[in-house]
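Novice: One letter stands for each residue in the lines below.
Number of protein chains: 2
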Amino acid sequence: MKPSWYVIIAGCGRLGANVAGMLSNMGHSVVVIDRKESAFEALPIEFTGFTIHGDVAAIEFLREAKIHQANMVLAFTNDDNTNFMVAQIAQRVYHIPRVISRVYDAGNLALFHEFKIKTLTPVLLATGALNKVIHRYMEESG
Amino acid sequence: MKPSWYVIIAGCGRLGANVAGMLSNMGHSVVVIDRKESAFEALPIEFTGFTIHGDVAAIEFLREAKIHQANMVLAFTNDDNTNFMVAQIAQRVYHIPRVISRVYDAGNLALFHEFKIKTLTPVLLATGALNKVIHRYMEESG
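If you read the sequences in order, they're chains A and B. The first sequence maps to residues 0 to 141 in numbering that gives the first Met the number 0. The second sequence maps to residues 0 to 141 in numbering that gives the first Met the number 0.
Treat the hints as calculated values from the structure; they're not laboratory data.
When chains are identical, the list treats them as one kind, so a pair holds in a single copy or across two.
As a list, the in silico DSS-like pairs of lysine-lysine whose alpha-carbon atoms are at most 30 Å apart: (1) K117 x K35; (2) K115 x K131; (3) K117 x K131; (4) K65 x K131; (5) K1 x K117; (6) K65 x K117; (7) K115 x K1; (8) K115 x K65; (9) K131 x K35; (10) K65 x K1; (11) K1 x K131; (12) K65 x K35.
With the rest of the complex left out, here is chain A:
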């Protein structure tokens, strides 16, 4: 039997919203927090979780989301400082076993890794994917 987790996603941008739908699809319970209520419109139809309208930089909203019960916390806002703070609170204060932070600016990666925060950096994934395509092009034309 597959485990069903309680997952908190901080930030409902394109990434947060997409992942919220994916996790719902996998059978997990998901709460998404965003300070812009209109952000929740991006949630896909598969999303079956809850939303909390509030600023994750204010710890009360993480408490409202029952962060102490979470099996996984995803710090996916568009702001690296906020993501760092959420990830640190989740790891160090609440000892959440799975914490992943989006890193917007690849220049901040070293800081996150120094604090042993697992990261996801879409710009590096995209650059890596493009690199492969370009090498294929070069072989074809070479």
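Given chain A, work out where chain B should sit, using these hints.
Specialist: Just chain B now, kept in the frame of chain A:
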């Protein structure tokens, strides 16, 4: 011998700037166009190409960049409509052999594919990468 290309990148956001550095590193000649002059500050130190300050939605700047000589055009602005237009101009008007467009909102992918535009969608790459991590977590805890 590796081919050296002339590459135009429309949009100097994080992705455009990162890729501009990567292509310079590979020995290609790169021109980056952005309507915000401050955007060029994001270019990494490896970048050895040129910059044009102008709105790629105005075709004159693509002409100024000598689009007719380009071996590759990357439509990497933060606006899907602009990317679509740049990619179409590059493919249909100038017959550039390699055109790739970033797609910001995955909901627009079908349109790009209908027009046979190659796409790069960072949010889908990130969701896919996260999916793998989550499945590994689930196997570990399952």
